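Chains B and D are the protein sequences, given in the same order.
Numbers 1 to 120, taken from our numbering, label the letters of the first sequence in order.
Numbers 1 to 153, taken from our numbering, label the letters of the second sequence in order.
By construction, these hints were calculated from the structure, which means they are not laboratory data.
Quick caveat, the model's predicted, so the values are computed rather than measured.
There's no promise every hint is true.
A partial selection of chain B residues facing chain D, derived with a Cβ cut-off under 7 Å [said to hold, decoys possible]:
| id | residue |
| --- | --- |
| 1 | Arg13 |
| 2 | Leu16 |
| 3 | Leu20 |
| 4 | Leu24 |
| 5 | Ala27 |
| 6 | Leu31 |
| 7 | Leu83 |
| 8 | Thr85 |
| 9 | Leu116 |
Virtual Cβ for every residue (Gly too), placed ideally from N, Cα, C.
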Amino acid sequence: MNLKDVLNLATIRLLLLVVLYMALAFAAAFLVERSLTGALKGLKMALKAEFTTDVGRMNFVSVFLITFLTIFLKLHEMVAEGLKTEHATGTGEPVIGFLIVIGLLFLGSLVCVMLLERKK
Amino acid sequence: MADDAYGEVKEEQKVVTVLPVTGGRVFRYRLGRPVRLETPDYSSFKATVESAMESAVEKLKVEIAVQHEQTRAEVRASRRDVLGAIKESPVEYVKILCEFGVLFLLFSLAIHFTLKIELVNPTFAVFMLIACGIYWGMARLKQKRTPNENPQA
Chain B
1 MNLKDVLNLA TIRLLLLVVL YMALAFAAAF LVERSLTGAL KGLKMALKAE FTTDVGRMNF
61 VSVFLITFLT IFLKLHEMVA EGLKTEHATG TGEPVIGFLI VIGLLFLGSL VCVMLLERKK
Chain D
1 MADDAYGEVK EEQKVVTVLP VTGGRVFRYR LGRPVRLETP DYSSFKATVE SAMESAVEKL
61 KVEIAVQHEQ TRAEVRASRR DVLGAIKESP VEYVKILCEF GVLFLLFSLA IHFTLKIELV
121 NPTFAVFMLI ACGIYWGMAR LKQKRTPNEN PQA
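Given these sequences and hints, build the entire structure.
Structure, rendered in structure tokens:
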């Protein structure tokens with residue numbers, strides 16, 4: 001397996017992760033709104049509110065700080081190592097494993113903001 | 001010749017002599033008249049800057065405190081609403097908890113099988129999927145048995 005193959009594999013894995021996250025975000029929005037159009041609208045509203053409301057900005061800054069601290073203290077490698085299975089391929093795990101955790105934090109923040117904005 | 005003499009006179013007039021005077025003061029003699037150098041008033045400048053900074057800091061503190069209180073009030077109101085909703089309809093709470101749990105477990109299983117990254121142990125995930133399904137079914141049964149309960153709460 002040469003470098004080109006490894007890069008291709010890592011890119012495919014990253015794309016797969018993005019697709020899975022989009023599906024998860026949509027499903028979470030669907031659970032909150034209980035309709036397909038409502039889920040799309042809710043996601044759009046949550047993304048907007050994440051950067052415009054105080055609660056959203058606070059959540060976003062917290063996620064950013066956690067990411068920064070984890071990278072600064074070199075904890076991301078440990079996190080990625082802890083998440084790796086026995087049959088891991090070894091391509092891009094340090095990046096993808098860490099991205100999954102941070103993505104979950106960001107998604108949680110989005111759902112919180114969505115719930116708050118929905119109430120208004 | 002006349003031009004040269006005029007030039008000498010002009011140069012003589014331009015001479016500036018600085019003489020130290022007792023008490024640390026410095027006088028500059030120019031064109032025969034003493035000119036006193038203006039020493040900047042640093043204490044008043046410092047006081048001005050300090051007062052400006054203090055007022056700016058005070059304004060900032062007030063603004064931060066107001067925003068902080070506003071955010072806290074929002075969070076408090078949301079928490080009160082959530083608690084109220086849970087108290088009013090525990091069935092809905094259990095159902096939504098199970099649904100989010102199932103969603104996360106399915107996501108972790110998908111990550112496990114596609115990316116070989118283990119967010120949750122697969123055996124535990126399958127067990128919890130079944131458990132969440134049972135909890136959800138129980139909540140739905142309870143909801144059907146008591147139709148008077150407000151499902152939107």
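Each hint, compared with the structure:
1. Arg13: holds (6 Å)
2. Leu16: holds (6 Å)
3. Leu20: holds (6 Å)
4. Leu24: For B:Leu24, the interface hint holds, since the closest Cβ of chain D sits about 5 Å away, which is under 7 Å.
5. Ala27: This hint holds: B:Ala27 lies near chain D, its Cβ roughly 5 Å from the closest one there, short of 7 Å.
6. Leu31: This hint holds: B:Leu31 lies near chain D, its Cβ roughly 5 Å from the closest one there, short of 7 Å.
7. Leu83: Cβ of B:Leu83 sits 5 Å from chain D, so the hint holds.
8. Thr85: holds (5 Å)
9. Leu116: B:Leu116 check passes; min Cβ-Cβ to chain D is 6 Å, inside 7 Å.
Hint check: no violations occur; every hint is consistent with the structure.
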